[in-house]
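**Student:** Chain residues, written in single-letter form:
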Amino acid sequence: MDISIVLIVLLVGALVTYLSGNKFASKTALISSIAAFGATIISLNAFQNGEDLDVNLPWISQLNINFALHVDGLSLVMLVLTTGLLPLIILSGFITKFENSKSIYALMLFMGFAMAGTFLASDGFLYYIFWEIALIPIYFIALNWGNGDVEERKKAILKFFIYTFAGSLFMLLAFIYLYTKGGSFDITKLYALQLTTTEKTYLFIAFFLAYAIKIPLIPFHTWQANTYSKAPAVGTMLLSGIMLKMGLYSVLRWQLPLTDEVAKAHVPYIVGISIAGVIYGAIVTLKQKNLKKFLAYSSLSHVGLIAAGLYSLTFEGFQGAVLQMLSHGIVIVGLFYVVELIYSRYNTYEIKEMGGIRIQDTYFASLFMIIMLASVALPTTFNFIGEFNLLYSLFKVNIWYAVLAGTTIILGAFYMLRMFQKVMLGGETKSFKKISKQESIVLIIVVGLTIFFGLFPQPIIDLITPSLQSILTQIK
Amino acid sequence: MNILEHVGIENYLTLSALLFCIGAFGLLYRRNAIIMFMSIEIMLNAVNLLLVAFSSYHEDPSGQVFVFFTMAVAAAEVAVGLAILVSVFRNIGNIDIDNLKNLKG
Amino acid sequence: MTTLIAIIGIGIFCLLAEIMNLKKIIIPVSIVALLTLFSVNLAGELPEITGYESMIISDKFAKYFSSLFIVLTALLILMSAPSYKNSSKLSDFISIKVFMLSGAVAMVSFSNMAMFFLGIEVLSIGLYILAGSDRLNIKSNEAGMKYFLMGSFASGILLFGITMLYGATGTFDVGTLYEASISASTEFWFYIGVILITIGMLFKVAATPMHFWAPDVYEGSPTQVTAIMSTLAKVAAMASFFKLITILNSTMEHRYTEVMIVVVIATMLFGNIMALRQKKIKRVIAYSGISHTGFMLMTLLNINAAENNLLFYATSYAIAGLAAFSVILFVIKNEDNDQIENFNGLGKSNPLMAFIMTIALLSMAGIPILAGFFAKFFLLNQIITSGFIGLAIVAIINSMIAVFYYFKIVVAMYTKEPTYGKEFANHSEYYIVGIVATVLLVLIGLFPDAIMNLI
Amino acid sequence: MLEIVFYILSAITLGTAFLTVVSKNAIHSAIYLVICFFALAGHYLLFNSQFLAIVHIIVYAGAIMVLLLFTLMLMNLDNDDETKKPLFAKLAAVFSAGILGLVLIAALRKAQPENIEYVNSGVDYQSIKVLGKVLLNEYQVPFEFASILLLVSMIGAVLISKKEEKI
Amino acid sequence: MNTTILLLLFAPLAGFLITLFFGKKLGKTVSGAIGTAAVAISFLCTLSLFSQINAGETIATFKLADWFSIGNIKINFSFLFDQLSVLWLLFVTGIGSLIHLYSISYMHEDENMHKFFSYLNLFVFFMIALVAGSNLLIMFIGWEGVGLCSYLLIGFWYKNQDYNDAAKKAFIMNRIGDLGFLIGIFILGFHFQTLEFLEIKALLGKDLITPSLLSIAALCLFIGACGKSAQLPLATWLPDAMAGPTPVSALIHAATMVTAGIFMITRMNFLFDLTPEIQNVIAIVGAITAIVAASIGLVQNDIKKVLAYSTVSQLGLMFLALGLGAYEVAVFHVITHAFFKACLFLGSGSVIHALHGEQDMRNMGGLRKVMPITFWTMMISTLAISGIFPFSGFWSKDEILMTAFHANIPLWVIGSIASIMTAFYMFRLMYLTFFNDFRGTEEQKHHLHESPALITIPLVILAALAAIGGAISLPGNSWLNHYLAPLFKKHEAHHLDGQAYMLMAIATVGALVGIGIAYAKYLKKKEIPVADSEVQGLHKVLSDKYYLDEIYMATIVKPIYMISNFAKKYVEKFISKAVIGLGGATYALSIKGKKIQNGNIGVYLFAFIFGMVGFLVYVFVIRVK
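Residue numbers (our numbering), protein chains in the order written: chain V, 1 to 476; chain E, 1 to 105; chain W, 1 to 455; chain Y, 1 to 167; chain S, 1 to 625.
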């Protein structure tokens, strides 16, 4: 057995979903995604039993490109995130009636396939391919099933596509350059390359462009809010829950080890940019009127912190980043699901048109509140562990960085509570249909996961530690 | 007898170049499609002349053989060109190239 | 040589079939014949007629490019079948197309400049004719006229160049010319010849600043002819240009390279930028074709082992073009209206065709996992290996710009409401070509080795 | 002596070519062009390639020019109805043609081999016999291929000119 | 012992879960009973622990589970039961039980009563974690957890957006402190590679950290304490927090949660002892807070607001004591303060309950006769807080002032003045509420009644404790000092000499003066405070709380909003435009290009020829041979 089984399940799932027709598409998709998750868990188990799950098949012989997948703790954790969130996201699609649903569910699974591939690929070229094809399904999902005015949506999504595409092309250049130096795209060979500082600087910039856009870091973030607000909820979840993590993961897996020297020399600046993003994102979030944009900017702030942790080049930063990727992924899916639930009742994303929901559906309000509190990193939630690690790593770089980035716990509470107050609290204004049991499943899973891993994060830490250590050794 | 001993290849080169340029000039200067065709013929003939000159220069027959092909090409081109010209004329009633500006942008 | 003869045979068959009142079988037979020829040619089992190596050689380069041309022509003929269904000139059209193929084959397998020149003229004259073949349509006339005038001018320059080569060496033989090109004592006439030939070829492949004819001619020509121009003609010219450079200029001089770089950049930029605001699909394809020319020209900057890259790029580009044109033909139906609006709502009214078009455009835009991506990738790899990193950056900037207009069409297909009462040219031929091309695009993308290891 | 002939012929060639291009009446242009072709034939004769000269006359002055004239007559375009081109365009034409000529000649001059020795071995290389042999042996393939070219153009000319018949 | 500890920890959590999930089905009384029982169980467990520790048993550490590791630092769910934590738990759970009991009656009319109890139970759980945690991070869990509960309970009546604002403000201001706390944790964790209190204590002597960094760490922790214990400049949330139900004010915002800062500093006393300059800061901040809050309290008319400012002021006094290194004194005052302030709040709740939500003292009066139990219990507590012999407040406050006197005369002066003010405004409260005639509406008057037994029993118990609580640390023979001695650095006790008696006398006289003024003003002259609009001068400054809220609004919140608006409107647009501008430029080029492509074959040929000429010239003509 090897890890490609997960990819195959996802790909076949996408195909079967498409063929199953509109009527059964959602269920088929759910089953496929759960199957993929099951496969992941089995792989995880096998990995922990010491089995070798790697795949290495020749692909393009002339350029020495292989279909190579490598499994370590880090990639497994990201794989679990992907295949774990996918059923949740598909499930949260159930509250929306999609026209031509077979296509959207198939696209979602296909995107899951691409993203899983990104996390697993150990051949630079293969990695790039997966990275790039993940973009196509989300483009179509956002384009065809998005909301808002068609013209504006088109523009926003095209901007998103070109933006990210542009960034990744620079990454492709970087890879090709590396290939010309080493004659292979294999990650271990690339790690072993001896490059001059100038070369590394350019490589760093190329990678940085790709990842800074994907993550996104300021000032490359302007695609984000618009895309989030225009894409359908499931698309937004895929984007924010998993796709952003592709960028962060890649920083860890590719950028830092390959450009160690440069990254090390410029830690203060890059961490500075990231932290600026944290604060800027938080401040801009405050005044957002559209709930989806609100979450987009808050996400900007959160991922800024993750990026800062990564670029701090400390073990704690890496660990915190991985943990926070997971927790942010879980929580943001929950938040967007909440937004979609509200949308399904009120048919609006405008905050000012909401209010008085808690009084009508306290159950929903409680779940929302827990998710909201998790996103402000209350201790005992998963997010706290990540944020604690991240801030600690920044502290190791410079105490002032920790203080500045730490304002996120103040500002985060500020905007989140403000939003919660406006959306949920107050007297009854509009009638709100209580959420059904089925609708609450996603929220319960999210809440459960958040609290569970908030209390027992150590298994994850143990899983990722060896791979993070080896990356750190590579950098040092 | 070799004319090149008297005249020199450079003069033929210059002559051909000038003739070629006159052809090009005609193509640019005129708007009458038929005269533009003629200009093209002049250009091709300039090349023919040069081919013959070089053939003589190298005392090699292939240059002259090539002239035959050039002629064939010229004839073929003229035939096709005139066919197109005629259909243009049938459609718009004249052969002024400046009237053909529907395709642009 | 056998290939050429076989092709000409097929062409003559087309003409004879008309006389023998076998019009109905012309298209099927020629397609089957071409496909048979393709497979036999590709398998290398064609008996070779020896003794003509001084004129035609069938090396690997010639073999694989010829195969590409043959399969392209077969599909193009299939695709053009609906347009000629009721035409009394069917045999003329098909035979011209087949003869054009022979020209294209001559262009990649010549070993004497005469063959090259005749080949390119056969191809060009065939195109002049086809461009103007819609004789009652003023746009078609104009296209034919423009193409003819400018093409002849370019031919004149090409011929001048060949003459200069002859003047410097006294021969038209490729082998001798190659030796002359690497010899230090060659007269400088030779280089003038090289430059003039380059300029002529730049015209044929539509590179800036000799590209102006392309959009106009593409737009004016009947659509299936545009398909030929943007696939077969462009690819053949490109391959032939490549071959010429390998013969004449394998040790490329510094300044020549510089000029070529400028041309490449200008071509890519011009094509892409101009495509942005086009409203007509054929012009978009034309400009995008120009930008692809720019990409393909990059193979010339370092010709060592670049044949495969060119073959790959040419294949993926031409097949994507075929797929796109199958949909364009399907959608625009009559010639006068090829506005992009015609594609509105295609995603709903005909998902399959929309899908084919999407794949074609994505491939052209260079999105993985489609063939177009690998084409660009191999190319970038080549030029970065040769040290032209700046050029690579320009190339990827162009890829970004290209996404704009490709996606404009995609967006039109999926987000706009369909125009009601719009009828499509519902012919199975379009579906066949579209599906075959799409499958090929994906397959080539999945197994790029299949092409990359050929030459 | 031969030089003088060359210069006279050259003058005629260039002059008539120029007149072809600039004369307002298309018929006049055609006439000038015929003269130009004859002058070129004279050049060929100077090279002692009589066969080529004759073929040249037959093909160009005989066939091509007749075709052109015939078309002219057909369209009744002998009168000067060509509207004036803007001065700017004319100047641009003059300028660009001039600069092209200048550059071409400059390039050719620069490429001129320093010491040219003209061989005069007396070997027959341009008699009909030799040319025929070369054409039908060495150049057999292009020769045949040229026929394809002509075939294509023939089909094409018919294709474009013939009316579509309904079947 | 482990069972006891587990029960102690998880009884409130179980109560929380049961009341949260099944509260609605169980009904109000049952869920109230379950909630109360859960805390009572904890109290009993604590008692058991207390008796064990008091009997001289060793300190118990209890590791529940691993949590996570960060670098080499391992962080566990582990708990430390020593003298300090058990003592603290004792009054937390004790007072907590009483207040739960009280709430059964008090909240009976609220439809979400089960939720109220679940929140209270959750609070107690987090408070236990805060107090019993054996490392800084467990303490931090509790720290943030009680903040959350505070948020939930302040905004318990979430229909009113003002209450929600207050809740939000409390949470955010606490978070400012929490950031400080976190940074402090980072500094300690980084340098000691552990967060366990006992280990840090052991490692402190090993020179692992520079003194200046240690000071910074201490300062950061103190900032955390400031936030939680409502010290300046983070004090303004506490008065607003009175928006919550009165039992909440009593439990969270008077007796327990707000003293968490004092607990933390006491817990980390070994650290603060090494940083005298930070101790000075603490003392000064405490003193200033004491006097500022007391002065604001002088003019408040809302009964709960008066108590709130009094709480802030008393907390200031405790910090003063902490700053002077007298931890056991601070603890003593925390305990006595918990008794009498809880009693006062509950009493005021009883009053408010009787008046159906009326909180303005200007509309009260004469309640003495209708509500005798409430009156007497509150009177006892008022005497205690005013520092009248022999009530508990006298002993604890006196010790603080005495310590201040020995350390720094100005601080003593400030503390004394604050005490005088306390006596004044507390008696002002009593007079306005219970004496003279009733000033409310007829309807209210009609409904006036003494509260039911469930409300009065806790009042009586607390009043009793407020009266006699001082016994645990009488000067010269302090059980408390003795009990806590193992935790603190030894320092000499003040002798009970003449000076001490004199200070006691001065304090008592001061309190009596304050009471006298209040008596003269409000009982004799029957003055009623003027309406808010007529207030002016210094009075207005005090009434408007020195404009602290306005200043914060103008200097922090508004600018943030402004930046946010600016960023949203301009910066985002600008970046967006810059990006789109690139696209726009290419588009513009496209238009230009379309003009060149004008369909004129002449132009095309020109371009052709120029290209050709350029090529030739560049490559050939100007080439160096």
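If you are wondering where the hints come from, they were derived from the structure by calculation, not from laboratory data. Predicted model, so just to flag it, every value in this text is computed and none were measured. Ideal Cβ placement from N, Cα and C applies to all residues, glycine included. Keep in mind that a hint or two might mislead.
As the list claims (entries may be wrong) - Looking from chain Y toward chain E, a few residues come up when the C-beta cut is under 10 Å (computed): (1) Leu33; (2) Ile35; (3) Phe47; (4) Tyr60; (5) Phe88; (6) Gly98; (7) Leu108; (8) Arg109; (9) Val119; (10) Ala146; (11) Val152.
**Student:** Indicate, hint by hint, whether the structure satisfies it.
**Tutor:** Verification of the supplied hints:
Taking 10 Å as the C-beta cut-off, the interface hint given for leucine 33 of chain Y holds, the closest approach to chain E being about 5 Å. For isoleucine 35 of chain Y, the interface hint is violated, since its Cβ never comes within 10 Å of a Cβ in chain E; the closest pair sits about 12 Å apart. Hint status for phenylalanine 47 of chain Y relative to chain E: holds, with the closest Cβ pair at about 5 Å, below 10 Å. With its C-beta approaching chain E no nearer than about 7 Å, tyrosine 60 of chain Y sits inside the 10 Å limit, and its interface hint holds.
Interface hint at phenylalanine 88 of chain Y: violated, since its Cβ lies 12 Å from the closest Cβ of chain E, which is beyond the 10 Å cut-off. This hint holds: glycine 98 of chain Y has a C-beta 8 Å from the nearest C-beta of chain E, less than the 10 Å allowed. Interface restraint check: leucine 108 of chain Y against chain E, minimum CB-CB distance 5 Å, threshold 10 Å, status holds. Interface hint at arginine 109 of chain Y: satisfied, since its Cβ lies 7 Å from the closest Cβ of chain E, which is below the 10 Å cut-off.
Given the 10 Å rule on beta carbons, the hint for valine 119 of chain Y holds: about 6 Å separates it from the nearest Cβ of chain E. For alanine 146 of chain Y, the shortest C-beta to C-beta distance to chain E is roughly 4 Å, which falls under 10 Å, so the interface hint holds. Because the closest C-beta pair between valine 152 of chain Y and chain E is about 7 Å apart, less than 10 Å, the hint holds.
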